[in-house]
Amino acid sequence: AQSVTQPDIHITVSEGASLELRCNYSYGATPYLFWYVQSPGQGLQLLLKYFSGDTLVQGIKGFEAEFKRSQSSFNLRKPSVHWSDAAEYFCAVVPTGNQFYFGTGTSLTVIP
Amino acid sequence: GAVVSQHPSRVICKSGTSVKIECRSLDFQATTMFWYRQFPKQSLMLMATSNEGSKATYEQGVEKDKFLINHASLTLSTLTVTSAHPEDSSFYICSASDGDQRPQHFGDGTRLSIL
Numbered sequence: 001a002q003s004v005t006q007p008d009i010h011i012t013v014s015e016g017a018s019l020e021l022r023c024n025y026s027y028g029a030t031p032y033l034f035w036y037v038q039s040p041g042q043g044l045q046l047l048l049k050y051f052s053g054d055t056l057v058q059g060i061k062g063f064e065a066e067f068k069r070s071q072s073s074f075n076l077r078k079p080s081v082h083w084s085d086a087a088e089y090f091c092a093v094v095p096t097g098n099q100f101y102f103g104t105g106t107s108l109t110v111i112p
Numbered sequence: 001g002a003v004v005s006q007h008p009s010r011v012i013c014k015s016g017t018s019v020k021i022e023c024r025s026l027d028f029q030a031t032t033m034f035w036y037r038q039f040p041k042q043s044l045m046l047m048a049t050s051n052e053g054s055k056a057t058y059e060q061g062v063e064k065d066k067f068l069i070n071h072a073s074l075t076l077s078t079l080t081v082t083s084a085h086p087e088d089s090s091f092y093i094c095s096a097s098d099g100d101q102r103p104q105h106f107g108d109g110t111r112l113s114i115l
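Going line by line, the protein sequences match chains A and B.
If you read the first sequence in this note's numbering, its first letter stands for residue 1, the second for the next number, and so on.
If you read the second sequence in this note's numbering, its first letter stands for residue 1, the second for the next number, and so on.
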């Protein structure tokens, strides 16, 4: 079955430490790929997106993501996490057309 | 950049009441709008897709008569939860697409609480 997987339900990192959030998908062709962040009770904010071209994508707030076709992955990274990064992160895939498929999310806790 | 406005942000009402949520695209024409539902600690689940001037397409398991969607103009779509019950309490989020780009423009969501 086609799916979007975020294997880590919850991650805790220390402020200043590096971060990597995993996302894998199981669609045949290369879909459009997105990462969103959601603070409690808030909507979604787009961090970055990949459509084509350079497989390393830079986003807002110091985030980047790398598309790896061979691994069907689109992992999100940040070199140094800030306390304000604590939130829920969603990977999303658009295989065709305009329909989004979201992963189940990864909750990030940042400890001082 | 493009902005999608969703209103109200929060609503609390009694069981049996109908609730209307608005989704507006503020600086682009949204040919397609999407409505999602998100339960606590869960991901977003697509409820329906609406194209301007035509009937919405509902995902399997979503009651058409329960969740009425109207996309009467290129800047406005509404979701009406009819005869709402406590189990309808959830976070509802819309997104909008201008047809050329993927729908990366999301509203801030509406927290619906049915007592």
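It is possible that some hints are incorrect.
[Claimed, not checked] Simulated crosslink set (DSSO-like; lysine-lysine; CA at most 27 Å straight-line):
#1 A:K49 / B:K64
#2 B:K64 / B:K41
#3 B:K20 / B:K66
#4 A:K49 / A:K61
#5 A:K61 / B:K55
#6 B:K20 / B:K55
Calculated directly from the structure, the hints in this document are not laboratory data.
The hints, checked one at a time:
1. A:K49 / B:K64: Not satisfied, since the Cα-Cα distance of roughly 32 Å exceeds 27 Å.
2. B:K64 / B:K41: With a Cα-Cα distance of about 25 Å, the restraint between K64 of chain B and K41 of chain B holds, given a limit of 27 Å.
3. B:K20 / B:K66: holds, 12 Å
4. A:K49 / A:K61: The given pair, whose Cα atoms are some 14 Å apart, holds under the 27 Å limit.
5. A:K61 / B:K55: Given pair K61 of chain A, K55 of chain B is violated - Cα atoms ~39 Å apart, limit 27 Å.
6. B:K20 / B:K55: holds, 17 Å
Taken one by one, the earlier hints fail for this structure at numbers 1 and 5, listed in ascending order.
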